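Number of protein chains: 2
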Amino acid sequence: MNQQVPTETTFGSISPAEFFYRNRQLAGFGNPSQAVYSAVRELIENSLDSCEDAQRLPSIDVRMTSEDSDIIRICVSDNGTGIAEEYVPRAFATVLYGSKFHNRQRRGTFGLGVTMAVLYGQITTDSPVIVHTQYKGSQGKEYALFIDVETNQPIVKSSRPLDREYDGTSVTLQLRGDLKRAEERIIEYVRLSTVSTPHAQILLEVDGTESLKSGRWWNIHPPPVISSNPHPRAADLEMLRRLAQNNGEKRLQDFLVASFQKVGIKTSSRFLKFVSFDPARKVSSLTRDDFGRLSTALRKFDGFENPDSKSLSPIGKEAFLAGIKSTFNTVSVYYSSRGPSEWQGNPFIVEGVIAIGDAFPRSDIPILYRFANRVPLLYDSSEDVLTKTMKRLNWKRYNVDSSAPASLFIHICSTRVPYKAAGKQSIDTIPEVETEVLSLMRDLGRHFGKTTRKSEKALREGKKMREYARAFRHLAKFGADLAGTDEVPSTSRLVKQLFEVYPDE
Amino acid sequence: MNQQVPTETTFGSISPAEFFYRNRQLAGFGNPSQAVYSAVRELIENSLDSCEDAQRLPSIDVRMTSEDSDIIRICVSDNGTGIAEEYVPRAFATVLYGSKFHNRQRRGTFGLGVTMAVLYGQITTDSPVIVHTQYKGSQGKEYALFIDVETNQPIVKSSRPLDREYDGTSVTLQLRGDLKRAEERIIEYVRLSTVSTPHAQILLEVDGTESLKSGRWWNIHPPPVISSNPHPRAADLEMLRRLAQNNGEKRLQDFLVASFQKVGIKTSSRFLKFVSFDPARKVSSLTRDDFGRLSTALRKFDGFENPDSKSLSPIGKEAFLAGIKSTFNTVSVYYSSRGPSEWQGNPFIVEGVIAIGDAFPRSDIPILYRFANRVPLLYDSSEDVLTKTMKRLNWKRYNVDSSAPASLFIHICSTRVPYKAAGKQSIDTIPEVETEVLSLMRDLGRHFGKTTRKSEKALREGKKMREYARAFRHLAKFGADLAGTDEVPSTSRLVKQLFEVYPDE
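Going down the list, the protein sequences come from chains A and B. The opening position of the first sequence corresponds to residue 359 in the working numbering, with each subsequent residue numbered one higher. The opening position of the second sequence corresponds to residue 359 in the working numbering, with each subsequent residue numbered one higher.
If we strip away everything but chain A, and leave its shape as in the complex, we get:
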């Protein structure tokens, strides 16, 4: 830190912890209000992931208290799997360490978020993170942990046995932040989290007062998400070589079938013919050039099926609608979905709901709610592929304007969401994703247009019918007067016949 004029260029290496410590805004910890928001968000996401692993309906308690003018204590408790004790220190105090490196849909993806919250707490308040966890019914344990930033290693300040009522984890940390400015966003985040994870219940308590209790709009746990082999189109040279390392003894064809999803004997035969390789060749005999040819051919061969969707967990029509209807006042809702498709071999599904309701602000274009792997995205909307795609569409054509307030809920789920930044706030413009989102939005728009046209027509017809009914009643009265009778005949059947409305009776 003391060097002055560097007449020589000096070089050095830094740990990932150091990198993110220096550039914390990259991970969403750039300023005091964003830091509070990001910390709460990362803890909730970890808890939801853990409950999914446990296949339990999540019950998550979030407690925030102002300890001092700008010191905030955050405690998030869940009923998830808990964490085996040997993993606790590194899971919370090593950057880029985590349970998140599999080929399946997860909320957390970078092994970064919670550790960043811990790091931020440590450098702003010098307090350790307290982790209280119970795993598989064993004795609960409580840890107090710091991060050694220079080495990216955990420092265990203390650990002790401590009973816990049930399996799960509670994480407590203190950080310097702006709770007032962050609170509204956190409330919105929690509400929207129970739209995209409607089987979860989240309680939010601020300074001892219940601020929000949201969720459990749906009682069915989604099926478990299954990690799958990579898709062959995802195989770049790096991946191919790694897969080959442990399979040197295999025949090339068997290697392909065993290593990739959706590749059977038939597909692999056709592929190997396409690239002119002997199916019986040993993997260990492949040269660097062979790998190069293989990798190019894997991308170019059009005989592979689309990636499978076992590793994805879309919200699904009923659950998504339940979440939206429980959270917003809607008049009508419509669901649609596209996929599974793939980007660079990563499977993804987009699903969405267009909703009409008085709750949504009046605007020329729909209000957009964005979700990625069931996580609501609240910041940085304008550079997001979802927002950009929405703006490309001419919503007037679908009858959306300020007289018909609509809102769009779009969810993309993937084994890898192409976030633009490590803070996970917006999705990069990947052509394959853009295409699918566009189709989905068009479909939602067309349906909206039809519905509003229908209801407009219904409105017009109703008005006309009431006018005719009045005229017919006058005519009937006139006829009855002419006939000198007091008994005016009913004309309602006549009107209904004219408008082709046939009552149920």
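In case anyone wonders, no lab produced these hints; they're calculated from the structure. These numbers come from a predicted model, not from an experiment. Be aware that a few hints might be false.
Because identical chains cannot be distinguished in the list, a pair is counted as satisfied if it fits within a single copy or across any two copies.
As the list claims (entries may be wrong) - Derived EDC-like pairs: lysine to aspartate or glutamate, alpha-carbon spacing no greater than 20 Å straight-line:
{"#": "1", "residue 1": "LYS668", "residue 2": "GLU825"}
{"#": "2", "residue 1": "LYS494", "residue 2": "ASP844"}
{"#": "3", "residue 1": "LYS571", "residue 2": "GLU546"}
{"#": "4", "residue 1": "LYS515", "residue 2": "ASP648"}
{"#": "5", "residue 1": "LYS658", "residue 2": "GLU790"}
{"#": "6", "residue 1": "LYS754", "residue 2": "GLU825"}
{"#": "7", "residue 1": "LYS835", "residue 2": "ASP426"}
{"#": "8", "residue 1": "LYS822", "residue 2": "ASP722"}
{"#": "9", "residue 1": "LYS668", "residue 2": "GLU700"}
{"#": "10", "residue 1": "LYS658", "residue 2": "GLU425"}
{"#": "11", "residue 1": "LYS854", "residue 2": "GLU568"}
{"#": "12", "residue 1": "LYS808", "residue 2": "GLU444"}
{"#": "13", "residue 1": "LYS571", "residue 2": "GLU541"}
{"#": "14", "residue 1": "LYS640", "residue 2": "GLU546"}
{"#": "15", "residue 1": "LYS658", "residue 2": "GLU676"}
{"#": "16", "residue 1": "LYS746", "residue 2": "ASP565"}
Position chain B against the provided structure of chain A, taking the given hints into account.
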């Protein structure tokens, strides 16, 4: 890669190379056209930084050739310092390793960019990066390097002595990308680079044809940028403890004076009184709590001067205007600057130019050109603090509308630019930065308003004067006719007197 259903939560750690390999869109390598752009950009920025270290006017050659339908070879050569051979492998093939970790303004900041380009080339074309460098007049050397992604270590495929004409570095890499779609952006990037580094000359050659030669609009090298001690307000607990590690024997007061910028005996005495610490106390006697109190007090004490600007390199009025006027057709330009100010102890300066010219598209708000540490930012503009601030201002009040096409060139330079993402495309909304940018833009706007009002007034007055002149000529003719003379007296002096215009003669 072969694991299936994870009934157990499994944990693991990944290297920074692996992290960015998996999430390459975070660093600007998300799709084939962006990848070409980012690779060229990172190489140019490294070259410019290196020439600055050498205090030489940069001459940079960028050569791109299409090797195959979508394989592109990029070669960037500079006349910078060159790199000492022991550093070459890690500088190009270890993520988060670099010369960039000092407290001074640099284009590169993360130790990430060029390595990402190398990594991307390697995984898409299986070719190594070729580095040809000569350092301090010694024998030139050429390296061929790969990255071991799993360990984040370089693999030296080959190295050999190879003469080079002069000190500097040439880097050649191949990658799969979309040159057609990237070319326009690269041209714009190079043009704007020579606006913000007008003493540089950059030659861009595509498939053997000169595509652009830009720069050397200014022949004076800016003064060297000096690394300085951190500002006391930048000292969080982590930094304080590290600084203290090597200074245990020092008295607290001497420690403060030696470790921080702008802290002398007087300031440190006042500060230590403010926080009630004995100036003579040994640093080694400070407890964890003492550091906590010190760090809080360093942030709260208002007796520190603003950070110094030795570590910054603003473009400066003359050079900035030279760059703009050489690149765009301008009618009038106006320069202003603010600072040095600080955000979290990091000094920064904002400077800007508002220009009028027919080259700029007609729009209700100015066209904005963004620069950070002399690097033009072309992507992700809408979430950038500069764009957001510009949009907050009512430009009509400053006479900017589609009839008066204006453009803004805004440069922020800092020892740490708060980029939103590792791809370095947009600047985060830091309150201190926002405030200064707003003041700068207001100043530029006010000047623009005055100028256009002046020129509008001049236009109006000119028209009126021409009308009066015509009327006076008629009157004079009329008078002369009345007087029966052919000699019509000149009225131009009369008109000038009326409009208070006094000719120079």
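Hints, verified against the model:
no., hint, in the structure
1, LYS668 to GLU825, "neither (57 Å within a copy, 82 Å between copies)"
2, LYS494 to ASP844, "neither (85 Å within a copy, 118 Å between copies)"
3, LYS571 to GLU546, "within (12 Å within a copy, 52 Å between copies)"
4, LYS515 to ASP648, "between (52 Å within a copy, 18 Å between copies)"
5, LYS658 to GLU790, "within (16 Å within a copy, 50 Å between copies)"
6, LYS754 to GLU825, "neither (30 Å within a copy, 51 Å between copies)"
7, LYS835 to ASP426, "neither (80 Å within a copy, 89 Å between copies)"
8, LYS822 to ASP722, "neither (29 Å within a copy, 47 Å between copies)"
9, LYS668 to GLU700, "within (13 Å within a copy, 50 Å between copies)"
10, LYS658 to GLU425, "between (59 Å within a copy, 18 Å between copies)"
11, LYS854 to GLU568, "neither (54 Å within a copy, 79 Å between copies)"
12, LYS808 to GLU444, "neither (58 Å within a copy, 69 Å between copies)"
13, LYS571 to GLU541, "within (14 Å within a copy, 53 Å between copies)"
14, LYS640 to GLU546, "neither (56 Å within a copy, 50 Å between copies)"
15, LYS658 to GLU676, "neither (38 Å within a copy, 53 Å between copies)"
16, LYS746 to ASP565, "neither (39 Å within a copy, 34 Å between copies)"
Hint violations for this structure: numbers 1, 2, 6, 7, 8, 11, 12, 14, 15 and 16, all remaining hints satisfied.
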